[in-house]
Amino acid sequence: MLSLENVNVYYKELQALWDISLTVGEGEIIALIGPNGAGKTTTLRIISGLHRAVSGDIHFMGQSINKASPHKIVELGLSQVPETGKIFTAMSVLENLELGAFVKKARKDRVQSLERVFEIFPRLAERKDQQAGTLSGGERQMLAIGRALMSEPLMLMLDEPSFGLAPILVEHMFETIAKINQQGVAILLVEQNVQAALELAHRAYLLENGRIVGQGDGKQLLSFESVRSSYLG
Amino acid sequence: MIESLGQTLAFGVLVGALYGLVALGLSLVFGVTKLLNVAHGELIMFGGYVSFWVFAKMGLDPFLTIPLTMIVLALLGALLYRLVFSWTIKLPEEVKIKNTLLVAFGLSIILQNLALRFWTADERGVTMSYAGAALTVFGVRFPAVRVISLLVAVVCLVALQLFLKKTYTGKAIRATVQNWEAASLMGIDIHRVYLLSFAIGAALAGAAGTLVVVNYSIQPAMGLEWTMIALVVMVLGGLGNIPGTLVGGIALGLTESATSFFISSNYRAVAGLILFLLVLIFRPQGLFGSKEG
Chain A
824 MLSLENVNVY YKELQALWDI SLTVGEGEII ALIGPNGAGK TTTLRIISGL
874 HRAVSGDIHF MGQSINKASP HKIVELGLSQ VPETGKIFTA MSVLENLELG
924 AFVKKARKDR VQSLERVFEI FPRLAERKDQ QAGTLSGGER QMLAIGRALM
974 SEPLMLMLDE PSFGLAPILV EHMFETIAKI NQQGVAILLV EQNVQAALEL
1024 AHRAYLLENG RIVGQGDGKQ LLSFESVRSS YLG
Chain B
81 MIESLGQTLA FGVLVGALYG LVALGLSLVF GVTKLLNVAH GELIMFGGYV
131 SFWVFAKMGL DPFLTIPLTM IVLALLGALL YRLVFSWTIK LPEEVKIKNT
181 LLVAFGLSII LQNLALRFWT ADERGVTMSY AGAALTVFGV RFPAVRVISL
231 LVAVVCLVAL QLFLKKTYTG KAIRATVQNW EAASLMGIDI HRVYLLSFAI
281 GAALAGAAGT LVVVNYSIQP AMGLEWTMIA LVVMVLGGLG NIPGTLVGGI
331 ALGLTESATS FFISSNYRAV AGLILFLLVL IFRPQGLFGS KEG
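Residue numbers (our numbering), protein chains in the order written: chain A, 824 to 1056; chain B, 81 to 373.
What the hints contain is simulated information worked out from the structure, not anything from laboratory work.
Warning: the hint list may mix true and false statements.
Calculated pairs, DSS-like style, for lysine-lysine (alpha carbon to alpha carbon, straight line, at most 27 Å) [stated by the list, open to error]: (1) B:Lys170 with A:Lys890; (2) B:Lys137 with A:Lys909; (3) A:Lys890 with A:Lys835; (4) A:Lys931 with B:Lys176; (5) A:Lys890 with B:Lys176; (6) B:Lys137 with B:Lys178; (7) A:Lys1002 with A:Lys928; (8) B:Lys176 with A:Lys909; (9) A:Lys951 with B:Lys170; (10) A:Lys835 with B:Lys176; (11) A:Lys895 with B:Lys178; (12) A:Lys909 with A:Lys927; (13) A:Lys951 with A:Lys835; (14) A:Lys928 with B:Lys245; (15) B:Lys246 with A:Lys890; (16) A:Lys951 with A:Lys928; (17) B:Lys170 with A:Lys927; (18) B:Lys178 with B:Lys114; (19) A:Lys927 with B:Lys178; (20) A:Lys951 with B:Lys137; (21) B:Lys176 with A:Lys927; (22) A:Lys951 with B:Lys178; (23) A:Lys890 with A:Lys927; (24) A:Lys928 with B:Lys176; (25) A:Lys895 with A:Lys909; (26) A:Lys835 with B:Lys245; (27) A:Lys931 with B:Lys137; (28) B:Lys245 with B:Lys114; (29) A:Lys909 with B:Lys170; (30) A:Lys928 with A:Lys909; (31) B:Lys245 with A:Lys931; (32) B:Lys245 with A:Lys1042; (33) B:Lys246 with A:Lys835; (34) B:Lys114 with B:Lys176; (35) A:Lys951 with B:Lys176; (36) A:Lys1002 with A:Lys1042; (37) A:Lys895 with A:Lys931; (38) B:Lys137 with A:Lys895; (39) B:Lys114 with A:Lys909; (40) B:Lys246 with A:Lys1042.
Since the model is a prediction, treat every value here as computed from it, not as a measurement.
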């Protein structure tokens, strides 16, 4: 459903991504792993239309989205949970979720979507009238994911959902991602927690210095010597 | 002495509410788009002329034609945004502020000259049949026109606040203020949000223009003076703080009327600017400002 072909990206004169090609199929969980500064976040930003590729093609659901505005891409059914959530801290939890359902087609279903999100994250239901800025790190991450689900995405991109979470919450987070996937949402997951990401993912790509240097199913990548030595110690 | 002190206070609040409305549109636009529209005073001038001409041609009370004036100004604001500001807003952060300042300054000169060409340099004002009417409470006079002006300012502020808090579009605007990238990831078209905010800001300038034409007078070169007032009020109230503009306006109104009363009306404007500098130095978040968007 999503494909990138030979995508090249620059920040001013510096090339950040080199000939990136990757695909995400219907119902898949794809992990994108690699060290800090490898270009994982940049890849998600390019797909969401927050930054532009200089060359290459990006297609989602058969449509070219190279030049589509970020809001159009969300309307097509591709949502992103940005790094550290980026929730609207000065608004209530409920308002954050309502804004998640901003696109027209999602807006009319928002009552059901809200129920679905509260079912996945009961904690958010308890806190719905609270100012989002008062939430803990884990709750913020839940809110960010819940907010993205409110747009009824066909595919969800998650940028380091386990960042800053206590180990017990990390485990819960990965279970939740699996649950969302079982409901039919394709997932593109950027993660530092390589072991957990590779165990969860159907396939994975390894990104280093802006280039894809390895790919395969999760277990295959786990056995890669370079991955083992670099990320799993 | 007590009575004239009461009068000074009352007048300060009445004038201050008008100042609040003068700054409201500028504050909204700055809060949302982060661009400082120094041509705001010219939009107020255009609003004043719309009120004036509708009054002169059709004899309609400017207070009653405020909705019309606001619509005309909203369209003008949307047009100016599309033609001019939509280009500068896409610039990188560092040059955006500088360039929009210059562009808005240039625009203010163009608008002044257009006004001069259409409407001559004559001072215009509207005097209503009830201009002399006043309510007197404990010897303090509340002129009818001033009181209605205060009500207009309060209604505009409350309406804007309700719009931002209660409607989906209003929430989209607040989301864009807090984090435009996250807002665009919600499917919000942030360029439409900017356009809409600019149109609303211009509409509020239109309403402010009506208050200026009935309380003072208008002429093509008036813009800078009112832009200055709006800037002072915006800083006093806290940048981008919507309810703060009314507080800031009243703070400025009281400072000016107290200066006139205790010192001399010659120093009225100076006192406002001194207050402006003091706040910038000691309380840059505004008198009652918070960091919230």
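Outcome of the hint check:
For the given pair, Lys170 (chain B) sits about 16 Å from Lys890 (chain A) by alpha-carbon distance, which is consistent with the 27 Å threshold. Straight-line distance between C-alpha atoms of Lys137 (chain B) and Lys909 (chain A) comes to about 53 Å, which puts the hinted pair past the 27 Å bound. Under the criterion of a C-alpha separation no larger than 27 Å, the hint pairing Lys890 (chain A) with Lys835 (chain A) is consistent with the structure, at around 18 Å. The hinted pair formed by Lys931 (chain A) and Lys176 (chain B) fails the criterion: a straight-line CA distance of about 37 Å is larger than 27 Å.
For the hint pairing Lys890 (chain A) with Lys176 (chain B), the CA-to-CA distance comes to about 23 Å; that is within 27 Å, so the pair holds. Note on Lys137 (chain B) and Lys178 (chain B): the hinted pairing is violated, with a Cα-Cα distance of about 41 Å set against a maximum of 27 Å. A threshold of 27 Å between alpha carbons decides the hint, and for Lys1002 (chain A) with Lys928 (chain A) the separation of about 23 Å falls inside it, so the pair holds. Note on Lys176 (chain B) and Lys909 (chain A): the hinted pairing holds, with a Cα-Cα distance of about 23 Å set against a maximum of 27 Å.
In summary, the hint linking Lys951 (chain A) to Lys170 (chain B) is not supported, as the alpha carbons are separated by about 35 Å, beyond the 27 Å threshold. Among the hinted pairs, Lys835 (chain A) with Lys176 (chain B) is consistent with the structure: their alpha-carbon atoms are about 17 Å apart, no more than 27 Å. A distance of roughly 30 Å separates the Cα atoms of Lys895 (chain A) and Lys178 (chain B); the hinted pair therefore is violated under the 27 Å criterion. With a C-alpha separation of about 22 Å, the suggested pair Lys909 (chain A) and Lys927 (chain A) falls inside the 27 Å cut-off, and the hint holds.
Restraint check for Lys951 (chain A) and Lys835 (chain A): the C-alpha separation of about 42 Å exceeds 27 Å, so the hint is violated. Distance hint between Lys928 (chain A) and Lys245 (chain B) is fulfilled; the C-alpha atoms sit about 22 Å from each other, no more than 27 Å. The suggested pairing of Lys246 (chain B) with Lys890 (chain A) is violated, with an alpha-carbon distance near 33 Å, which exceeds 27 Å. A threshold of 27 Å between alpha carbons decides the hint, and for Lys951 (chain A) with Lys928 (chain A) the separation of about 23 Å falls inside it, so the pair holds.
Restraint check for Lys170 (chain B) and Lys927 (chain A): satisfied, since their Cα atoms lie roughly 26 Å apart, inside the 27 Å limit. Of the supplied pair hints, the one linking Lys178 (chain B) and Lys114 (chain B) holds, its CA atoms being roughly 11 Å apart against a limit of 27 Å. Only pairs whose Cα atoms come within 27 Å are accepted, and Lys927 (chain A) paired with Lys178 (chain B) is rejected, the gap being roughly 37 Å. In summary, the hint linking Lys951 (chain A) to Lys137 (chain B) is not supported, as the alpha carbons are separated by about 54 Å, beyond the 27 Å threshold.
For the given pair, Lys176 (chain B) sits about 32 Å from Lys927 (chain A) by alpha-carbon distance, which is inconsistent with the 27 Å threshold. As the CA atoms of Lys951 (chain A) and Lys178 (chain B) are separated by approximately 41 Å, the hinted pair breaks the 27 Å bound. Under the criterion of a C-alpha separation no larger than 27 Å, the hint pairing Lys890 (chain A) with Lys927 (chain A) is consistent with the structure, at around 21 Å. Annotation: proposed proximity of Lys928 (chain A) to Lys176 (chain B) is violated, straight-line Cα distance about 34 Å (limit 27 Å).
For the hint pairing Lys895 (chain A) with Lys909 (chain A), the CA-to-CA distance comes to about 20 Å; that is within 27 Å, so the pair holds. For the given pair, Lys835 (chain A) sits about 39 Å from Lys245 (chain B) by alpha-carbon distance, which is inconsistent with the 27 Å threshold. The suggested pairing of Lys931 (chain A) with Lys137 (chain B) is violated, with an alpha-carbon distance near 47 Å, which exceeds 27 Å. A distance of roughly 20 Å separates the Cα atoms of Lys245 (chain B) and Lys114 (chain B); the hinted pair therefore holds under the 27 Å criterion.
Simply put, Lys909 (chain A) and Lys170 (chain B) have alpha-carbon atoms about 21 Å apart, close enough for the 27 Å limit, and the pair holds. Straight-line distance between C-alpha atoms of Lys928 (chain A) and Lys909 (chain A) comes to about 23 Å, which keeps the hinted pair within the 27 Å bound. Our distance criterion of 27 Å between C-alpha atoms is met by Lys245 (chain B) and Lys931 (chain A), whose separation comes to about 20 Å. Between the alpha carbons of Lys245 (chain B) and Lys1042 (chain A) the distance comes to roughly 49 Å, so the proposed pair goes past 27 Å and is violated.
Among the hinted pairs, Lys246 (chain B) with Lys835 (chain A) is inconsistent with the structure: their alpha-carbon atoms are about 41 Å apart, more than 27 Å. Using a Cα cut-off of 27 Å, the hinted pair Lys114 (chain B) and Lys176 (chain B) holds, with the two alpha carbons roughly 9 Å apart. A hinted pair counts as satisfied when its Cα atoms are at most 27 Å apart, and Lys951 (chain A) with Lys176 (chain B) does not qualify at roughly 37 Å. Using a Cα cut-off of 27 Å, the hinted pair Lys1002 (chain A) and Lys1042 (chain A) holds, with the two alpha carbons roughly 20 Å apart.
The hinted pair formed by Lys895 (chain A) and Lys931 (chain A) meets the criterion: a straight-line CA distance of about 18 Å does not exceed 27 Å. At roughly 47 Å between alpha-carbon atoms, Lys137 (chain B) and Lys895 (chain A) are farther apart than 27 Å, so this suggested pair is violated. With a C-alpha separation of about 19 Å, the suggested pair Lys114 (chain B) and Lys909 (chain A) falls inside the 27 Å cut-off, and the hint holds. For the hint pairing Lys246 (chain B) with Lys1042 (chain A), the CA-to-CA distance comes to about 50 Å; that exceeds 27 Å, so the pair is violated.
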